[in-house]
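Kindly produce the complete structure, drawing on both the sequences and the hints.
2 protein chains.
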Amino acid sequence: MSEFTNVTVIREANVYFDGGVVSRTVVFPDGTKKTLGIMQPGEYTFTTGAPEIMEILSGELDLKLPGSDAWNRVGGGESFDVPANSSFTMKVLSLTDYCCSFLG
Amino acid sequence: MSEFTNVTVIREANVYFDGGVVSRTVVFPDGTKKTLGIMQPGEYTFTTGAPEIMEILSGELDLKLPGSDAWNRVGGGESFDVPANSSFTMKVLSLTDYCCSFLG
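Residue numbers (my numbering), protein chains in the order written: chain A, 4 to 107; chain B, 4 to 107.
Honestly, the hints are just simulated from the structure, not real lab data. Relax, there's no trap hidden among the hints.
Since the list gives no way to pick out one identical chain from another, each pair is judged satisfied if it fits inside one copy or across any two copies.
Each computed SDA-like pair below joins lysine to any residue, with the alpha-carbon atoms no more than 20 Å apart:
| id | residue 1 | residue 2 |
| --- | --- | --- |
| 1 | Lys94 | Phe49 |
| 2 | Lys36 | Gly52 |
| 3 | Lys94 | Gly22 |
| 4 | Lys94 | Gly23 |
| 5 | Lys36 | Glu6 |
| 6 | Lys36 | Phe7 |
| 7 | Lys36 | Asn9 |
This is the structure in C-alpha cells:
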C-alpha cells in the first residue's frame, strides 16, 4: 500500500461509460495531476490529450495501443504509456484499480 | 465542485461487494479520515465501527437505518448519520457518488 501526501483531491468523481469507469482527480504541489480509478469489466476506448502513464494497481485487462492491432494482457503491477492526442482500447477482464499520470 | 487540500490519499482502492462499492481513503492533517466512493446499483449492508456521516454527492438510493424498518429515499446533496457499531442497508437505484466522514 502506498500513499500520496500533501495533495489536493477533487471531491466529486469523474464518471465515464455510465460508471463502468470512475476516478478521482489528485493534484500535486507542482500542479501535475493523476487520477485514481476503478474499471468494471467491459470494453472502453479513451482518447488522450496529454501523454499518460497508466499504472495497473490490481486487476487484469487486454490492451490495444494506438497504431497497433495487437492485444496485450496487462495486470496488477504493470503499466503502459499512451501518447498524446491518441486513443487506446481496454477490454477489462476483472475489476481493475489504476493510477493514471498525466504528463506535460 | 469542491476539493480537499493538504491531504494524504491512499493510492489503492477499498473494494466491497466485488466492486459494487469502491472508495479511496483520504487522511486529513488532524488525522481524521474520509472515504470518497462510488456505489453501483445494488443492495448493500455495511457495518460501522466509528460513527459515520454519509454525504451523497450525486445519485439516488433507498436507506434503512439501524433500528428502523422504514426505507427513505436519499439523493444528491443530502446526507445521513449512522451510529457507531451498527449496520445500515442501502438499495442503490442509480450510480451514487459519496463522501463518508468517520467521526471520533
